[in-house]
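Letter 176 of the sequence shown, counting from 1, is numbered 175 in the numbering used here, and no numbers are missing.
Since the hints were derived computationally from the structure, they do not count as laboratory data. Note that CB positions come from ideal geometry on N, CA and C, so glycine has one too. Any given hint could be a false lead.
Quick list of the computed label-pair ranges, beta carbon to beta carbon [as the list claims (entries may be wrong)]:
hint : residue 1 : residue 2 : range
1    : 75        : 166       : 29 to 37 Å
2    : 94        : 70        : 16 to 24 Å
3    : 44        : 253       : 28 to 36 Å
4    : 80        : 292       : 36 to 44 Å
Listed below are the simulated DSSO-like cross-link pairs for lysine-lysine, each with C-alpha atoms no more than 30 Å apart in a straight line [unchecked claim]:
hint : residue 1 : residue 2
5    : 40        : 71
6    : 179       : 191
7    : 276       : 256
8    : 115       : 130
9    : 100       : 246
10   : 286       : 276
11   : 286       : 270
12   : 256       : 286
13   : 54        : 43
14   : 286       : 246
15   : 191       : 100
16   : 291       : 100
17   : 100       : 115
18   : 130       : 71
19   : 276       : 179
20   : 40        : 54
21   : 4         : 43
22   : 276       : 291
23   : 130       : 100
24   : 100       : 4
25   : 179       : 40
26   : 115       : 291
27   : 256       : 179
28   : 130       : 43
29   : 256       : 71
30   : 130       : 191
31   : 291       : 179
32   : 162       : 246
33   : 54        : 71
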Amino acid sequence: MALRKLGDSAYLYPGSPSTLIKVLEEGALLIDPGHGSGRHKDLKREARKLGVEIKAQLATHGHADHVAVATKIDAPLFIHRFEFSVSESPLNRELLTFGSKAPRGFLVFQFPGEVKVHAVFEWDDELFGVKAVRLNGHSPGMTGFLDEENSLIYAGDAFFGEKVITSVGLPYLVDQDLFKASITELKNYAEKGYTLIPSHGRPVEGEDALELLDFNLARVVEAENLILDILSEGPLSLDGLAFRIMKHYGAEVTPQKLALNLVPVRAFIAKLYNEGKVSAVVDNGLKWRAEKS
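Construct all of the structure, not just a fragment, from the sequences and the given hints.
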């Protein structure tokens, strides 16, 4: 896989997630080192090709696929303070994704190792030539990194490529209002001419960026209404609801993808319940039903 140059000092190493490499006078900065048995070796090799050694790592958030190889790279890792425990604790990562300790090997990118975080930052902090931008909603401390020098923002999982959403069904999120607010923030950057880089998908700019952000936003808004339509037909469990949503969008239903969709479905149900639009019932298990308007 070849590096893609994105500016005078920024390069993108492909993958899912991709890794941004920013060349500084003191060495290379990695953003989202990623996962995979040989990825750390690949990143070290690419840095050497650029004539630098890796000096620091930043993570947009603490999910396993974004930080798994960080411990194999001899450079300190920095992450937002809300993501600290998610990164360092395998159990916390499973709790956020599965709701409890998960069956071994069940979750996508599940791995048992601990990840050492060397320091935490706050949104708006300046670190290694980039600015930490609040883009939460996908996870509690989801952070984008604004690189003014190269006119880009590495947005992590604040939005997704169209193929990713189509293959799963719903964007993975823990709070849809925060997720939508982050999309709005990214649209502001797109309108100013910045290149937007999702962790899972290709870099986009201009009209392409705005169209992809609108696709992410539309899927969230559609899902809110779709859930109410489905529940108006009768009570369903969360599993049943997630299954119906995936079938509606034509996504392949696998145990792993269904488990992933349960996370945003819980977030949607929580909001709808708080708004009085759905209620909980016991009907051979816990189910949810739409309230008559």
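Subject >> Unmet hints by their number, sorted upward, for this structure >> reply: Violated hints: 15, 16, 23, 24, 25, 26; rest satisfied.
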